[in-house]
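Chains as they are written, first to last, in the numbering used here: chain A, 1 to 328; chain B, 1 to 328; chain C, 1 to 354; chain D, 1 to 354.
Keep in mind that the hints are not guaranteed to be accurate.
As the list claims (entries may be wrong) - Straight-line Cα separation of at most 25 Å, DSS-like style, residue types lysine-lysine; simulated pairs:
#1 C:218 with D:157
#2 C:263 with C:157
#3 B:47 with D:157
#4 C:160 with A:110
#5 A:303 with D:277
#6 D:253 with D:18
#7 A:280 with B:47
#8 C:230 with D:253
#9 A:110 with C:133
#10 B:303 with C:59
#11 B:303 with C:115
#12 C:353 with A:280
As the list claims (entries may be wrong) - Listed next, the stretches of chain B that the computed footprint assigns to chain A, with coverage defined by at least 3 CB atoms under 8 Å from CB atoms of chain A:
#13 224-235
#14 308-318
Unchecked claim - Going by beta-carbon spacing under 7 Å, a handful of chain D positions derived as facing chain A:
#15 24
#16 79
#17 83
#18 201
#19 245
The set of hints was computed from the structure by calculation and includes no laboratory data.
Just so you know, even glycine gets a beta-carbon here, dropped at the ideal spot from N, CA and C.
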Amino acid sequence: MPVIQLREALNQAMCEEMQRDPDVFLIGEEVAEYDGAYKVSQGMLAKFGPMRVVDAPISECGFAGLGIGAAMVGMRPIVEFMTFSFSLVAFDQMVNNAPKVRHMSGGQFKIPIVFRGISGPGQQLAATHSWTVDALYTHVPGLKVVIPSTPYDAKGLLKTAIRDDDPVIFLENEAMYGVRGEVPEEEYTIPFGKADIKREGTDCTVVAWGHTCQTALAAAEKLQQEHGINVEVLDPRTLRPLDMDSIIASVRKTGYCVTVEEGYPTCGIGSEIAYQLQEKCFDDLDNSVTRVAALDVPMPYSKPLLNHVVPGVDRVAEEIKKTIYFQG
Amino acid sequence: MPVIQLREALNQAMCEEMQRDPDVFLIGEEVAEYDGAYKVSQGMLAKFGPMRVVDAPISECGFAGLGIGAAMVGMRPIVEFMTFSFSLVAFDQMVNNAPKVRHMSGGQFKIPIVFRGISGPGQQLAATHSWTVDALYTHVPGLKVVIPSTPYDAKGLLKTAIRDDDPVIFLENEAMYGVRGEVPEEEYTIPFGKADIKREGTDCTVVAWGHTCQTALAAAEKLQQEHGINVEVLDPRTLRPLDMDSIIASVRKTGYCVTVEEGYPTCGIGSEIAYQLQEKCFDDLDNSVTRVAALDVPMPYSKPLLNHVVPGVDRVAEEIKKTIYFQG
Amino acid sequence: MLYGCPGLKPLYMGENVKTLVEAAQKIEPSTAQMMDWYRQMVLIRQFELRSAQSYQQQKIGGFCHLYVGQEAVAVGSLAAVRPSDYVITAYRDHGHAIARGMDMHPLFAELYGKKTGCSHGKGGSMHFFDASKNFFGGHAIVAAHIPLAVGLGWAVKYRKEDRVVLCYFGDGAMNQGSFHEALNLAGLFKLPIIFLVEDNGYGMGTHVHRASAVTDLKLRTGDAYGIPGKDVDGMDCLAMYRMTLSAAEYCRKGNGSIFLQVKTYRYRGHSMSDPQKYRTREEVAQFQEHDPIGRLEKVLRDAGVLDDQKIQAVNDEVHKLVEEAHLRADADPYPELDDVWTDIYSNPFDPYKL
Amino acid sequence: MLYGCPGLKPLYMGENVKTLVEAAQKIEPSTAQMMDWYRQMVLIRQFELRSAQSYQQQKIGGFCHLYVGQEAVAVGSLAAVRPSDYVITAYRDHGHAIARGMDMHPLFAELYGKKTGCSHGKGGSMHFFDASKNFFGGHAIVAAHIPLAVGLGWAVKYRKEDRVVLCYFGDGAMNQGSFHEALNLAGLFKLPIIFLVEDNGYGMGTHVHRASAVTDLKLRTGDAYGIPGKDVDGMDCLAMYRMTLSAAEYCRKGNGSIFLQVKTYRYRGHSMSDPQKYRTREEVAQFQEHDPIGRLEKVLRDAGVLDDQKIQAVNDEVHKLVEEAHLRADADPYPELDDVWTDIYSNPFDPYKL
Ligand SMILES: Cc1ncc(C[n+]2csc(CCOP(=O)(O)OP(=O)(O)O)c2C)c(N)n1
Ligand SMILES: Cc1ncc(C[n+]2csc(CCOP(=O)(O)OP(=O)(O)O)c2C)c(N)n1
Ligand SMILES: [Mg+2]
Ligand SMILES: [Mg+2]
């Protein structure tokens, strides 16, 4: 099977879907002539021309709304945000128009649109540019939230997102665009709401998605080698819908759960998973659920501070040990 | 002690602080000549003139930013949103500039600003106009989030908010403006981060704030009368900071906890409280924490549907009974 | 081509607009057409008066923004576009929905929150929609629908279709950032959109001159976005028809977007709960002298096709229809409680699967 | 009065602006002043070249937007305002910070994420601030600082102070909604603000003509907001000084806001990580022929106050200062890890209380 970068997997997904369906187009800042700020849309302008790969002015509210309006008449826009930090200037379009026009019209209009781009702390971009928007958008009924952690998942999930008839928030991560992995040549898609066990284990369930999935896997390896602790890493892959059945099944097996995210902890995804676990399998938990998240502060620029705020391998490993009462 | 409407309590707080401090001013849509869309600023234009009670165009992003900029040079703006649903078009100003300018400048600038207005389902305003923004803003470090449930609290908390040197999100509720209560004539303020037990009880802790505090109290009365169940209703009064110590103390006493909110459940305030409870007093809980919230859907217009989505007295009472394993 | 050309003499300074206006004057609708407009305006007004009653009777919840006084704007402009064209507006949408040809029953049913409502009772007064009529709502967040209009225009250009988009909004909406971003995109991509501001003088209780740095709104889009602005008397149904028809021509010819400043006036409060302290009875009375229905009535009388008797007949017929629609809607059932889970996702998952 | 007057002939069509421009031509700075500008521009350029090196050496993280080529804009305009005036800009802020008089050491320290940085290492390149110099940053979300400038202007008017606000932003920023809302508020409330667009032709890789429906940006604020627009050659420090000085006069006199379209050019990429495929070497070379430093150099040579030797001396002196500041900053300590909890709340609560 060919091994490609996650960036290329996304590019393939968009190109294949655009070839398949003339209603699909890509719009965003620098996606066309610049080939994408992070080169995800490399070569697409040449392939599809300026009506289907469209450079937009710095008007997130305008072009997000443009996408939603076009979706109302059956087009299938892919709207790229250079980062989802910039989706906050278009927030009303994201949380009111995209997820609610269908509802307010009594189901007369579907909104088949994908908003995609980077989410996460990134490389020392300071407080306003470092948003992890997982919780902000997962909070909102009417949206679907997708976040891949491998090139294989990235391609399969993005194709599903483009074909889905509902608004999808598709979260990528700068640090992962270069990650390589096997991606089959033949066509495939990945359904929403199906978690994937990225590492089998028996001692503790770690729920992690997107970039933190890598952190969790590294922590699992470390614990395996250093202490023979056998961690299960579960990647929900979509946060709305969220595959609680799989999470619960895993926790029933291990008795422990740690969640890992890079966003603010308060009212985060970890809080939600913890709530549902204590509600649905209170008696299967041998300890409380541990939420590992960014420290509850704006993201600082200075590198040592940033690395202290964002959960790393060591912190995750420590929290797992504490959670399973590991002595040593 | 004089008995006044919550609306008047807010008006008194603003007027007293504006008399005390010439740097305080009020800006928002229809706050001046119209006397406020909900008459909270009634008479203030006449008292303070058009430079201190300012009608703004329909430019939430613009006048929210105006407030933040003015705060950077020591003014103390009160920015009224007709409803916080409209703060979403100014979201970037709310979650990036207001809470982060201080941080990104290394503490050189304080942002003493109050954003206030209605939050909550309201009266059949449909999906975009019915936002409960508690969780959206509590999620963000750098902000403080305040939500009164009585005229007494409203005045004391708003005065504290206006004097506070940090950005404060002050959440009001349309259905509560007319609520009457005792408010002393003499000056007083209420500190942030101190919960208030609105009803003493032994059988179950119900955490509720703002409008749902009334719902919870009504449910408590109902359960007392119908079944002799003795519910404790705890009002945190501020969601950031959140007085977990008081919540934990109450839960240690009752062994059970139910949270009540009108916002979307996913990644809501209830999830957060549940997370912290199971983390900090796992062994004191005789059952899992129950989160009562709006159903996870956009707010419908039709009255019977709306009443089904928003948690009412009966639903809260039922959930309390289930939580404490009440048979009968 | 996709982008506006730098260096080129901006389009809005060219000939197109002059010819546009001249063309407008020449358009002569038949008296039959005008009779139809007259009836539509009467129908809208009676619909609104019935709505006002129903609101007082608490059959209607939430905000209810009446269109009384502005009828000529929706009727005249919508008479000038085709069923295949796209129409979108804000929350003051009763008149547009009716002029676009929606039946009154599903509208009343929507106001009453009934399952038979045009939006299944999910949207209410501010959210009338009808996909079959290319009527895209009904939007309650001020100006947030203007970027959607740009998306509709984009789809038309993308698919090389012969359609125009007619986008209505109020004078107050022009101070929202989304208005700016939308018009720049429309000007940049040369999209076939008629941006029509219903300048009724007030955004809620705030007069234009207290909200907008420039009060002659037609000036605001030319130099800023390369979108020519023209003004129209919104109390004159014929003028509305003429200008909109030639504006639509202008757009269909591929000239890009155009902006119409329509001077109009609302007789009622901003919404049903508006004490209206911000204006005098005299001011309202002044505008009522130019009542759009009265004006068209005169034209038709002069043309000899309308007299007291006919007027009475039209009013009686319309009144009957309004009452029937209202009574039917009033008797209709509310949605089932389980309906709260529907109309949210097209590809639903639990708990949205019923 | 608070609001712009309806009916009145809009201010921006009146005399003020003509006299403004005439006045501008008459202003004659001393050669001493100009020598100081020259030195400042050299200093900014060397600061940026050193920053570029440090970025390659990975002493600097995140985005780093260099000001090389645009020096005359910050230096000329900031020379024309007073220390008591308020200054705010976007993320390409190194030049403004230096021209505003900030020392280089805390700037390098900020770039290197050190505790001694002007923002304690919390902000980085895009977030230079100095309250003591009335320098309000340094803002990274495009156009989001423009409403803040309106707030500064509001405070000045509210307190009846003799200050003006100087607000910089890029050509790309003018397509954001916040620009529109801010300028309407400034025009409506007549606030003393100079809105200065540094039109360097590109927003990242997108040329103005592919982003803005109207490319002659000075036209975009007159009819739309009643804020007169003038253009200035941003490669000419003297022209920048003259126009800004008279613009400030205009604002101080209570005329409201003014808009300056400053034509300039950035020699380097948008940020350090920009392949610059969107423009040719030739294009860059063309603009470099009008290099702002070279141009002022010529003026000063002709005035007989500058020669090869003096130029060398200035460069040597500046180079020494830059190296010293860089070395000191490089040697400075990083913040302690506990500092992540500070600078967030003025009245902190746990866990922000240390
Ligand atoms: C973003 C936003 N801010 C405020 C409101 C509240 N609001 C509803 S209508 C209205 C006035 C709009 O005036 P205008 O655009 O002139 O339309 P009109 O009501 O006159 O038809 C306001 C302030 C809103 N719905 N959305
Ligand atoms: C709201 C928002 N959208 C996108 C970006 C990413 N971005 C940073 S700078 C920039 C280009 C800005 O161009 P311009 O305003 O002309 O300023 P210049 O860089 O030329 O000085 C973009 C798109 C951002 N920071 N904020
Ligand atoms: Mg209006
Ligand atoms: Mg630029």
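Each hint tested on the structure:
1. C:218 with D:157: violated, 30 Å
2. C:263 with C:157: Given that 25 Å is the threshold and the Cα spacing comes to 30 Å, the pair is violated.
3. B:47 with D:157: It holds: about 20 Å lies between the C-alpha atoms, which stays within 25 Å.
4. C:160 with A:110: Holds, at roughly 22 Å.
5. A:303 with D:277: At roughly 30 Å apart (the allowed maximum being 25 Å), residue 277 of chain D and residue 303 of chain A break the hint.
6. D:253 with D:18: At roughly 15 Å apart (the allowed maximum being 25 Å), residue 18 of chain D and residue 253 of chain D satisfy the hint.
7. A:280 with B:47: Measuring from Cα to Cα gives roughly 56 Å; hence the hint is violated.
8. C:230 with D:253: violated, 34 Å
9. A:110 with C:133: Holds, at roughly 16 Å.
10. B:303 with C:59: Judged against 25 Å, a Cα distance of about 10 Å means the pair holds.
11. B:303 with C:115: Status holds; Cα separation ~12 Å.
12. C:353 with A:280: holds, 20 Å
13. 224-235: n = 0 at 8 Å, threshold three: violated.
14. 308-318: The restraint on the region 308-318 of chain B is violated, since only 0 of its residues have a Cβ under 8 Å from chain A and three are required.
15. 24: Hint on residue 24 of chain D: violated, closest Cβ of chain A at ~31 Å, above 7 Å.
16. 79: At 30 Å from the nearest chain A Cβ, residue 79 of chain D fails the 7 Å test, so the hint is violated.
17. 83: violated, 27 Å
18. 201: Given a least distance of 14 Å, the restraint on residue 201 of chain D is violated.
19. 245: With a minimum Cβ separation of about 31 Å from chain A (threshold 7 Å), the hint on residue 245 of chain D is violated.
When each numbered hint is compared with the structure, violations occur for hints 1, 2, 5, 7, 8, 13, 14, 15, 16, 17, 18 and 19.
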